[in-house]
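Assemble chain H onto chain C, guided by the hints.
Sequence order for the protein chains is C and H. Going by our numbering, the first sequence opens with residue 1, and the numbers climb by one from there. Going by our numbering, the second sequence opens with residue 1, and the numbers climb by one from there.
Calculated from the structure, these hints are not laboratory results. All of these numbers come straight from a predicted model, not from anything done at the bench. There's no promise every hint is true.
Cβ pair distances, simulated, as ranges [as the list claims (entries may be wrong)]: (1) H:Asp-258 <-> C:Thr-222: 23 to 33 Å; (2) C:Asp-50 <-> H:Ile-428: 34 to 44 Å; (3) C:Glu-410 <-> H:Pro-157: 52 to 62 Å; (4) C:Gly-363 <-> H:His-99: 42 to 52 Å; (5) C:Asn-331 <-> H:Arg-229: 15 to 25 Å; (6) H:Arg-359 <-> C:Gln-86: 29 to 39 Å; (7) C:Pro-414 <-> H:Glu-267: 54 to 64 Å; (8) H:Glu-267 <-> C:Ser-155: 20 to 30 Å; (9) C:Pro-157 <-> H:Asp-258: 35 to 45 Å; (10) C:Arg-11 <-> H:Gly-40: 52 to 62 Å; (11) C:Arg-209 <-> H:Asp-258: 50 to 60 Å; (12) C:Asn-331 <-> H:His-47: 54 to 64 Å.
Each residue gets a CB set at the ideal place from its N, CA and C atoms; glycine is no exception.
One letter stands for each residue in the lines below.
Number of protein chains: 2
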Amino acid sequence: MTQDTGIFETRSPLLLRGVCHNDRIVDVVVGDDGTIAAIGENAGRGHEYDHVIEGRGRVLLPGLVNTHTHAAMTLLRGYADDMLLQPWLAERIWPLEAHLTGDDVYWGTRLACLEMVATGTVGFNDMYFFMESAARAVDEAGLRAQLSYGFIDLSDPEKREHECRATEGLVDAVARMANPRITAAIGPHAVYTVSAEGLLWCAELARKRGLGVHVHLAETETEVADAVRATGRRPAALLDEAGLLGPRTVAAHGCWLDDAECRLIGERGATVSHNPASNMKLATGRAMPYPALKRAGARVTLGTDGAASNNSLDLFGEMKTAALLQKFAWNDPTVLPAHEALALATDCAHAALGFTGGRLEAGAPADLILLETRTPCNTPLHSAVSNAVYACSGAAVTTTLCAGRVLMHERVVPGADEVLEGATGAAIALVSRARGDA
Amino acid sequence: MTQDTGIFETRSPLLLRGVCHNDRIVDVVVGDDGTIAAIGENAGRGHEYDHVIEGRGRVLLPGLVNTHTHAAMTLLRGYADDMLLQPWLAERIWPLEAHLTGDDVYWGTRLACLEMVATGTVGFNDMYFFMESAARAVDEAGLRAQLSYGFIDLSDPEKREHECRATEGLVDAVARMANPRITAAIGPHAVYTVSAEGLLWCAELARKRGLGVHVHLAETETEVADAVRATGRRPAALLDEAGLLGPRTVAAHGCWLDDAECRLIGERGATVSHNPASNMKLATGRAMPYPALKRAGARVTLGTDGAASNNSLDLFGEMKTAALLQKFAWNDPTVLPAHEALALATDCAHAALGFTGGRLEAGAPADLILLETRTPCNTPLHSAVSNAVYACSGAAVTTTLCAGRVLMHERVVPGADEVLEGATGAAIALVSRARGDA
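Chain C with its partners taken away, still in its complex shape:
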């Protein structure tokens, strides 16, 4: 247990001494600009450091990135499960969400950030409401995030006007924050909830402001069938026609993509965020076609979806579930091996959101995590990558750095109790307001 509480505040150079990485023992020097100043055998030797993290018995990995979630839905964790999708949404989730306030979103996002820090996630791709409150939570928690307002117009021009203003409001608010860890994205919810005009407006704004796009795509068979019936075209083609399919697009789910859509996504350089636990829990009926997307050269990443449909934000669990589901769905144990599962949650995910981390090399942001090895899930240590993906949960993470700042060390996250209390209070009050309404 460290006694060095100053480690959470320091901006001076920091040494991670003797951590295990790729079967070698290396030092990592974190510069005062939040990047990796040096990494390598004895790279820290010959200098004095105000703060040293002893890495003996620790595995070094890049910090993980969650490419699809609705962070504030942590407040709904365990509120309703094991139901058919429509009654689950209409009877349980939407009535509660109707009572959400900006304060709720702040506390729900703080709770999500705490869970992510504690399980080794350093950044995420979020879509929800009251996103200025989410931005404040991310700012305070010290993580990276790409934040989008969930644009839903249901083909109603008046609603569309409202959604356009809300989207612009978030983009401007994030610009005003000038926090290099926080970016805005445009969040057209899906082709079945946003009109053609709405999709075009979103594409235009993303292009004009140089922003990413966060969208749901081909999650259910119904979504695809409805699109084909209404327009004669499948959802990926509709996004592409609107100009929404490009290198800065993250499309979540993709369960029902066909081969042509996989090729289209690959050609456009877009990303599909795989969310295996949510897809299995809600029984989407088909696994995202990872082999076809890989053949097409599309970028694939990992997300947890919101805590109402998972119900965890621990990407270690998600890496394992992804590897297991893909093997099972395509009947081949060689599909999505451990090192690819780790890549989906690290370098692929950082790149998809325009982050420059995910690589452990000099000059890259110091977004990194340490895992305990003196614990059953890392014993024996035949393969650190296999253990990380198949044996460990996020509970193996002892230390989390984002942009060079220590967010957790020896499993201590400063301020955790306040977040747990605030989020508990917000969740109880939310349910109570919804009950009063019923």
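This is chain H only, laid out in the frame that chain C set:
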């Protein structure tokens, strides 16, 4: 953090004060005979206790039971993954296993027991080799186990004779231990590895000695096809003809059971141990038909399989994977809800192995665990059962009791470091011996 290290040694009455169970705050009094002396609101009031565990902010659950594993295979964790079944076995697993010693099995089983204690599992159903060494490890670790020698004769009479002697040897050795937590079972490996004569001999010994049966059943499509081709009958019928399908039988996997086999298992009162992570990782091609087994009234339980094919022994992960896989496989989010997933790992599993725990009531063995609630996976606490199954890993467990003995408290397991060192040394030496041989 408790300062009360005597708590690990005490046999005197122990009070768990103010734990949360079924949304109520209760006391649990553990008697010096290892059973629950009293449970209820203020049940501990008015007496003095040498040792008190403060339960505020802790959820009480029955200890979990793992109904199919090969515990010592922890030594092979992460040694080989993501391969087709045959080369995985023939090129990686079997060559290593050929070098196993009794000492290896002792350390591998100690490591498995440590992992189980740390993740809230109080008992398990084991099948492997050098099982006297496994029995010694279980005895020292303080868990419950039903231990079977993996009987494989490959229709060779000489081999069969050897397997009969090894099986009897284990049964006698366990009887001599006279440890009420440890029982022997008969372990005919599977219908494709044991001759008809071998199956009959196993059934006869199980009947004569009043012991359980632990067998693999219908794991792969090939197993079923081969049985039908060779005998005209499916594997469950072959077990039944040999007299191996009864109330004390635990058949692992069951992925390829058809409806008639599910009904037969239900009629015989036998148990099927679901091992979803292993089945998905090895791509067995079909999920165990839980809905059909449930309709047939068969008992279903949960297992992790060995750490080479999972690679974790954390039943919290397995509960979630089971619930997710069953929903996905049968395309229905209402299949295997959270409370059933918990039952599979608790009361159903205790009963399947002839243990009398799994229920939290006076007179039952004090096999119980406490979960931390001041942690993200249990925040908010809309449903303790949903959080246990869908949000938490075994890392949420702070305290584990088996037969009234405290095996872990505040996440401290006495002797853990020695086990991690011993198992690491054994694993490294094993790989080195196998390399020297190659």
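(request) Determine whether the Cβ-Cβ distance between H:Arg-359 and C:Gln-86 falls within the hinted range of 29 to 39 Å. (result) holds, 37 Å
(message) Between the beta carbons of H:Asp-258 and C:Thr-222, is the distance compatible with 23 to 33 Å?
(response) holds, 31 Å
(request) Hint says 20 to 30 Å; check whether the CB-CB distance for H:Glu-267 and C:Ser-155 agrees. (result) For C:Ser-155 against H:Glu-267, whose Cβ atoms are near 56 Å apart, the range 20 to 30 Å is violated.
(message) Is 15 to 25 Å respected by the C-beta to C-beta distance linking C:Asn-331 and H:Arg-229?
(response) holds, 21 Å
(message) Can you tell me whether the CB distance of C:Asp-50 to H:Ile-428 sits inside 34 to 44 Å?
(response) Given range 34 to 44 Å: holds, Cβ gap about 37 Å.
(message) Against the range 42 to 52 Å, how does the distance between the Cβ atoms of C:Gly-363 and H:His-99 compare: consistent or not?
(response) At roughly 45 Å between Cβ atoms, H:His-99 and C:Gly-363 fall inside 42 to 52 Å, so the hint holds.
(request) Starting from the range 52 to 62 Å, see whether the pair C:Glu-410 and H:Pro-157 falls in it by beta-carbon distance. (result) Check passed, 60 Å falls within 52 to 62 Å.
(request) Could you tell me whether the CB distance from C:Asn-331 to H:His-47 stays inside 54 to 64 Å? (result) holds, 59 Å
(request) Look at the Cβ atoms of C:Pro-414 and H:Glu-267 and judge whether their distance stays inside 54 to 64 Å. (result) holds, 59 Å
(request) Could you tell me whether the CB distance from C:Arg-11 to H:Gly-40 stays inside 52 to 62 Å? (result) Holds: the Cβ-Cβ distance is about 54 Å, inside 52 to 62 Å.
(request) Evaluate the given range 50 to 60 Å for the C-beta pair formed by C:Arg-209 and H:Asp-258. (result) Check passed, 58 Å falls within 50 to 60 Å.
(request) Go ahead and decide if the range 35 to 45 Å is satisfied by the Cβ distance of C:Pro-157 to H:Asp-258. (result) Violated: the Cβ-Cβ distance is about 56 Å, outside 35 to 45 Å.
Checked against the numbered hints given earlier, this structure breaks hints 8, 9; the rest are met.
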